[in-house]
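Protein chains: 2
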Amino acid sequence: MSYKAPVDDMSFLLKNVFDVQQQFDGISQYQDFDYDLYNAVLEEGAKFAENILYPLNRDGDEEGCQHEGHDVTTPKGFKEAYQQFCEGGWQGINGDPEYGGQGLPKALHVLVEEMLYASNTSFTLYPSLTAGACSALAAHGSDVLKQTYLENMQSGVWSGSMCLTEPHSGSDLGILKSKAEPNEDGSYKISGTKIFITGGEHDMADNIIHLVLARLPDAPKGPRGISLFLVPKFMVNDDGSLGERNPVFCGSIEHKMGIKASSTCVLNFDEATGYLIGEPHRGLACMFTMMNKERLSIALQGVGLADVSYQIARQYAEERIQGRSSREGKQGASILEHADVRRMLLSMRSVTEINRALAVYLGMNIDLDEHATDIETKQKAARRVALLTPIAKAFFTDSGFENCNHGIQVLGGHGYVREWGLEQFARDARIAQIYEGTNGIQAQDLVVRKVCADKGAAITELFDDISETIKQSSDSDFKHVGVSLEKHLSVVKELVSVLLQQNEEQGAAMQGGAVEFLNAVAYVIGGWLWLKQLLASNALTELEQKRKLAASEFYYDHLMPRIEGYAQSIKNGYHLTFALDDELV
Amino acid sequence: MSYKAPVDDMSFLLKNVFDVQQQFDGISQYQDFDYDLYNAVLEEGAKFAENILYPLNRDGDEEGCQHEGHDVTTPKGFKEAYQQFCEGGWQGINGDPEYGGQGLPKALHVLVEEMLYASNTSFTLYPSLTAGACSALAAHGSDVLKQTYLENMQSGVWSGSMCLTEPHSGSDLGILKSKAEPNEDGSYKISGTKIFITGGEHDMADNIIHLVLARLPDAPKGPRGISLFLVPKFMVNDDGSLGERNPVFCGSIEHKMGIKASSTCVLNFDEATGYLIGEPHRGLACMFTMMNKERLSIALQGVGLADVSYQIARQYAEERIQGRSSREGKQGASILEHADVRRMLLSMRSVTEINRALAVYLGMNIDLDEHATDIETKQKAARRVALLTPIAKAFFTDSGFENCNHGIQVLGGHGYVREWGLEQFARDARIAQIYEGTNGIQAQDLVVRKVCADKGAAITELFDDISETIKQSSDSDFKHVGVSLEKHLSVVKELVSVLLQQNEEQGAAMQGGAVEFLNAVAYVIGGWLWLKQLLASNALTELEQKRKLAASEFYYDHLMPRIEGYAQSIKNGYHLTFALDDELV
Chain Z
468 MSYKAPVDDM
478 SFLLKNVFDV
488 QQQFDGISQY
498 QDFDYDLYNA
508 VLEEGAKFAE
518 NILYPLNRDG
528 DEEGCQHEGH
538 DVTTPKGFKE
548 AYQQFCEGGW
558 QGINGDPEYG
568 GQGLPKALHV
578 LVEEMLYASN
588 TSFTLYPSLT
598 AGACSALAAH
608 GSDVLKQTYL
618 ENMQSGVWSG
628 SMCLTEPHSG
638 SDLGILKSKA
648 EPNEDGSYKI
658 SGTKIFITGG
668 EHDMADNIIH
678 LVLARLPDAP
688 KGPRGISLFL
698 VPKFMVNDDG
708 SLGERNPVFC
718 GSIEHKMGIK
728 ASSTCVLNFD
738 EATGYLIGEP
748 HRGLACMFTM
758 MNKERLSIAL
768 QGVGLADVSY
778 QIARQYAEER
788 IQGRSSREGK
798 QGASILEHAD
808 VRRMLLSMRS
818 VTEINRALAV
828 YLGMNIDLDE
838 HATDIETKQK
848 AARRVALLTP
858 IAKAFFTDSG
868 FENCNHGIQV
878 LGGHGYVREW
888 GLEQFARDAR
898 IAQIYEGTNG
908 IQAQDLVVRK
918 VCADKGAAIT
928 ELFDDISETI
938 KQSSDSDFKH
948 VGVSLEKHLS
958 VVKELVSVLL
968 QQNEEQGAAM
978 QGGAVEFLNA
988 VAYVIGGWLW
998 LKQLLASNAL
1008 TELEQKRKLA
1018 ASEFYYDHLM
1028 PRIEGYAQSI
1038 KNGYHLTFAL
1048 DDELV
Chain L
468 MSYKAPVDDM
478 SFLLKNVFDV
488 QQQFDGISQY
498 QDFDYDLYNA
508 VLEEGAKFAE
518 NILYPLNRDG
528 DEEGCQHEGH
538 DVTTPKGFKE
548 AYQQFCEGGW
558 QGINGDPEYG
568 GQGLPKALHV
578 LVEEMLYASN
588 TSFTLYPSLT
598 AGACSALAAH
608 GSDVLKQTYL
618 ENMQSGVWSG
628 SMCLTEPHSG
638 SDLGILKSKA
648 EPNEDGSYKI
658 SGTKIFITGG
668 EHDMADNIIH
678 LVLARLPDAP
688 KGPRGISLFL
698 VPKFMVNDDG
708 SLGERNPVFC
718 GSIEHKMGIK
728 ASSTCVLNFD
738 EATGYLIGEP
748 HRGLACMFTM
758 MNKERLSIAL
768 QGVGLADVSY
778 QIARQYAEER
788 IQGRSSREGK
798 QGASILEHAD
808 VRRMLLSMRS
818 VTEINRALAV
828 YLGMNIDLDE
838 HATDIETKQK
848 AARRVALLTP
858 IAKAFFTDSG
868 FENCNHGIQV
878 LGGHGYVREW
888 GLEQFARDAR
898 IAQIYEGTNG
908 IQAQDLVVRK
918 VCADKGAAIT
928 ELFDDISETI
938 KQSSDSDFKH
948 VGVSLEKHLS
958 VVKELVSVLL
968 QQNEEQGAAM
978 QGGAVEFLNA
988 VAYVIGGWLW
998 LKQLLASNAL
1008 TELEQKRKLA
1018 ASEFYYDHLM
1028 PRIEGYAQSI
1038 KNGYHLTFAL
1048 DDELV
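In the order they appear, the protein sequences are chains Z and L.
Residue 468 is where the first sequence starts when you use this note's numbering, and the numbers rise one by one after that.
Residue 468 is where the second sequence starts when you use this note's numbering, and the numbers rise one by one after that.
Honestly, the hints are just simulated from the structure, not real lab data.
Note that the structure is a prediction, hence the values are computed from the model and not measured.
Accuracy of the hints is not assured; some may be wrong.
Because identical chains cannot be distinguished in the list, a pair is counted as satisfied if it fits within a single copy or across any two copies.
What the hints assert, rightly or not - Straight line, CA to CA, 16 Å or less: simulated EDC-like cross-link-like pairs of lysine to aspartate or glutamate:
id	residue 1	residue 2
1	Lys-1038	Glu-1020
2	Lys-1013	Asp-1049
3	Lys-1013	Glu-1050
4	Lys-847	Asp-836
5	Lys-1013	Asp-1048
6	Lys-847	Asp-501
7	Lys-646	Glu-738
8	Lys-946	Asp-705
9	Lys-471	Glu-510
10	Lys-1038	Glu-554
11	Lys-922	Glu-837
12	Lys-656	Glu-738
13	Lys-847	Asp-942
14	Lys-688	Glu-711
15	Lys-543	Asp-944
16	Lys-960	Asp-931
17	Lys-954	Asp-931
Use the sequences and the hints to build the structure in full.
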C-alpha cells in the first residue's frame, strides 16, 4: 500500500484558496518566487517522501534506535536517507538565506513538513529539531555564533537539538536546575541532566548543536532566571574543522510507544563548554520565538499521519470484500460500501483537508509576521499566529490521533497487527499530543493568554474575518454553507463571553473547559476553511470539486455538531470539579 | 505504582445498587449464596489479580509470546500463574456445576473479570476464551462430548479457543471456507486455515480444545451452511488420558500493537479429527449463544484497563510537582491541582464507575435469562441482554480506550515511555474495539436487530425503567439529577423515532449514524446508573458518598452533553454520505 503526497491539494491551497503570492506582495524576499517554483518544490518533496522516506518507515519502527556506550545508532537506511535529505537542500528550505538557507515561505514549508511526517515521522523529527534550533540561533545568536554554526546547521551537515526538560521539570521549565558557570574566555561550563531530548544523539550528522536552558550563578529563581546556551557535541576550531569532544553524553534512550526510530535521549552535561545565546536570564523568551514554528511543525505530524492513515485505509477498504453491501444490498461488496466505513473515511479526509488549509494559513501569517513591510499587516499576522498556534498544535494532533485510530478500525484486526502499518501511525501520532507543550497546556495558553488576556480582542478579529467570508458567500452557490457557519459561529462567540465571565467570577476553574473551548473554536475555523475552499473550488477539476463538496458536507453535518456538546459542557462550568478536595478526584 | 481492585465499589453494586440476591429470589442454583460469599470471592480475586497477575503484566508485554516450530511459549511466570489460577478454581466460577463449575452468577463473574483484565489483559484472554468455549459446549454439546471435555476445561487443565476468522472472512463469517468431511466413526476431518486465534497455541495447559466453524460437504452457501466442531489438540483416549497429536498446528503468531503476551495464532487444520457440536449447518447459532458472554467479557477489558489507568494516573498526579497550582495559586503544587488534570481523572472515574455498574446489571440479566423460573422475568431479561450487549461491548471499549489515553496524557512524556506502563494499557485496550465484532458491527447490530427490528419496543421498555427510577428520585435528595436525566432521555427517545423513520425512508444509509446512536444511548444509560447509585449511596461511608456525588456531577455536567452533538449529527442523516460515488469517499 502506497503513500502519495497530496500535491494537487497543496497547490490549490497555496494558489487558489489563499493566493499567498498576492499576500506576499511587497516582500522582497519572496518576489522572485512563483507558483511554478512552489509546485516544483512540492513535486520534489513528494518524490523524496514517497520513494526514500516512506519505504524506511516500517523497518525503522521494527529496528528502532540502539544505544551503546555514548553512541546511538539509527535504523538501517536512515543515514543514507539523511544524506540525500541534506543534498536535496531540504533542511534549509525555510532557513535564513544569509547563512545558506533557501528562504522559502513557511506557507510552503508546512506542506513539505506534512509529507515528511506522513512518510516517516521518526526520521522527520531530526531535521525538525534542527530547524527549530536554527530559528532560535538566527533570531538571537551573536554574529560569531551564527557564522560558526548556522550554515552547517541549515545544510544539515550538523544537526540540532533542544534541551529543555529535566526529570523534575517538564511543563514547568521555571524549576529547572541545570547550571552554567562562566569561564574566563566568555564561554560557560554547562552541567546538568536533560531528558526527552529528541535527536540528542545519533549517527547521521557530523556534529550535534544542542540549545540548552540553564541557570547562571546569579540567576533569579523561576522562569526569569533561565538562560539559553549553545553546546556543540564536538568543539569547532577556528578554521571550522571539528575539535575535541565536548563532555555532553547520552546516558540512555527511552523505550517508547512509538517514534521508535527517533532517538529520545537522556543527556548528561558535565561541565560542557557552551555559549550564551541572547541576553542572560532571557532564555525562555529566546526559546519561545521559535516555539510557534516548532508547535506548528508538530501539528503537521498530526496532519501527515492522519493523511497517510486515510490513504492506506481507503485503499484497503476498496479491496476488502466483506459482507453484504449496505448500499446495493448485494453480497460480496467491498467494505467501502458500508455506511460506517464511509463515515470513518470521510471523517478522516474532511478533517485532514481543513487542517492542511489551516497550516498553510498559519504558515502564511508567520511569513507576514516576519517579513511584511506594512506594520498593520505585520501586527495582525502576529496576533493571528499567537492565537492560532495553540489551536493548530492541539487540534491537528488530537484529531490526527483520532483519525489514525479510525484508520486502524477500517482495517479491523488487520489494523491491529504490525504488518499493515496502521497501528504504527497511531503510536507515532500519540506523542504529538504531548510534546512541545501538552495539548492541555496549549488549551490553557489559548484561554488564558490568547483570549482572556486581551478580553477576546484577537479572537473577535478572527471571527470578523470569518463573517467577512460568510458575507462573500452570500451570492455564491455556497450561501447555505455560510448560513450554517454563521449559526455555529454565534455559538462559539457566546462561548468567548462565557469564558470571560467565568474567568472574572471563577478564576482558574475556567481552565477546566479549555480543551473543549479549543476544540469548539477549531471546528468553527474548520467550517470557515471549508467555505473558503468551496468558494475557490471552481479552479478544480470536476471530480475534485465533487470530492471537496462531499467532504465539506460531511464535516458540516457530522463533525461541526460536536460544537454543541462542547458548548453545553463549558457553560456548565468546572467550578465544582475545581473546588473538590483532592481525595474526591 | 500499584493496582487495587475496587472491591468495595463492587460490593456496593451487587448488594446496594442492584441487590442481586433479591433479584435471584427463587433461583435454586443461587439460593445458598449470599453477599458474604460474594465478598469473599471478590477479596480472593483481588489478591490474585494484584499480587500474581499485575506483577507479570509489564514484563509479559516486553517479552511477548515466542513461536518456534509448532510451539508457542508464553512469557516467564505465565505458566505458574495459570497453575495458580486453575488451582484457585477461577476458570469455572461461572461454569456449569454438573461438570465441576462453581455456578456462581455472571453478575459476580463480570467483576472478577474486570480485575483480571485490569491486572493483566494478555493473561486473562486465555481463560476468557476457554470460558466462551465451555459455554458453547455446555449449551450445545452432546453428553459424550461434555463428559469427555467439559470438566477438564472448566478446571482450566485444558484450555479452549474459538476458531472463526479466516484470511478472507472476518466480520463476514458467511463466506468462510474451512471444510469438514465425515469419517465413518461419526467424527469429521477438518481442514482449513484460521487466523487471529487467541490462545490457539500456548504452553500453559495440557490440551487445547478448539471450537471450529467449518462447512460440511452438503452445506448451503452463506451463513446457514456453517457447522461447529470440537477439535482437540491432543486426542483423548477412552480412559481420559491424552492420545495422539491431532494435525492442527500453529503456523505463525501475529506481531501486534498490544496484548503481546496473548498468543494470536494462525492455525492450520490438516484433516484434523473433529466432532460436531449441535445440529449440522447451525454452527453460527451455536456460536452466538455464547457470544453475548464473550462480548461482555471483552467489554470488561475496557473497564479494567480504564480503571488501572485511572489508578496509576491518579497516583502519579498526586506525586508530580509541577507548575503553579491553578487552585491555590501557589508554586510547587501537585498536578492534581490543575483544572485540566482533574477533568481527565474525573472523566476516567465517572465513566468507569457507570460501566462497572452496567456490567453487573447486564451480568444479572444474563443470570435471570438463564435461570429465572418466572417466564416473564426470563423473557424481559433476554430482551435486555440482547439490547445492552452491543452497547456494553462498544461503549466500554471505546470509552476504555479514551480513558487509557487520558491516563497517558496525565503523565505527559512519562505516559508515552514504556517504563510507566500507561502506554501499554492503551495498546492493550485498542484491540477490544475490534475483536468479538468491531464496534461498528456492534452499533449496526444495535440499530438494525435490536431497535429497528422490533420498532423500538425493547429500547422503549428500557426507557420506561429509566423513567421509573426518575420517578423514584423525585422525593429524594437527587431530584435535580432525575430532572436532568429526564431531559437527556427525551433527546434519546426522539433519536429512536428519527432512526426508525430514517430506516423507513433511507434504508441502510441510517446505519451511518449507528455508532453515534449507540453512544447517545450509552450516555443516557450511564446517567441512569449514576442516579441509581446516588439513590443507594446512603449505604456508603461519607467519603465514598462524596466521591460518588463528585463523579456523578462531573458526568452530568461534562459528559452527558455529548449526547447533543450525537443527536444533531444523527438528525442530519447519512443519506448524502451513503449516496456518494466511491471515488468521492
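Hints versus structure:
1. Lys-1038 with Glu-1020: between (28 Å within a copy, 14 Å between copies)
2. Lys-1013 with Asp-1049: between (53 Å within a copy, 12 Å between copies)
3. Lys-1013 with Glu-1050: between (54 Å within a copy, 9 Å between copies)
4. Lys-847 with Asp-836: Classified as within; 8 Å inside a copy, 67 Å across copies.
5. Lys-1013 with Asp-1048: Result: close only across copies, 10 Å inter versus 54 Å intra.
6. Lys-847 with Asp-501: neither (24 Å within a copy, 71 Å between copies)
7. Lys-646 with Glu-738: So Lys-646 and Glu-738 pass the 16 Å test inside one copy only (9 Å; across, 72 Å).
8. Lys-946 with Asp-705: Answer is neither; intra-copy 65 Å and inter-copy 80 Å both fail.
9. Lys-471 with Glu-510: within (11 Å within a copy, 56 Å between copies)
10. Lys-1038 with Glu-554: neither (54 Å within a copy, 54 Å between copies)
11. Lys-922 with Glu-837: neither (25 Å within a copy, 62 Å between copies)
12. Lys-656 with Glu-738: Intra 5 Å, inter 74 Å, cutoff 16 Å: intra-copy only.
13. Lys-847 with Asp-942: neither (28 Å within a copy, 57 Å between copies)
14. Lys-688 with Glu-711: Answer is neither: 34 Å inside a copy and 76 Å across each miss the 16 Å cutoff.
15. Lys-543 with Asp-944: neither (53 Å within a copy, 66 Å between copies)
16. Lys-960 with Asp-931: Answer is within; shortest intra-copy Cα gap is 11 Å, inter-copy 39 Å.
17. Lys-954 with Asp-931: Close inside one copy (14 Å), not across copies (35 Å); limit 16 Å.
The structure shown violates the earlier hints numbered 6, 8, 10, 11, 13, 14 and 15.
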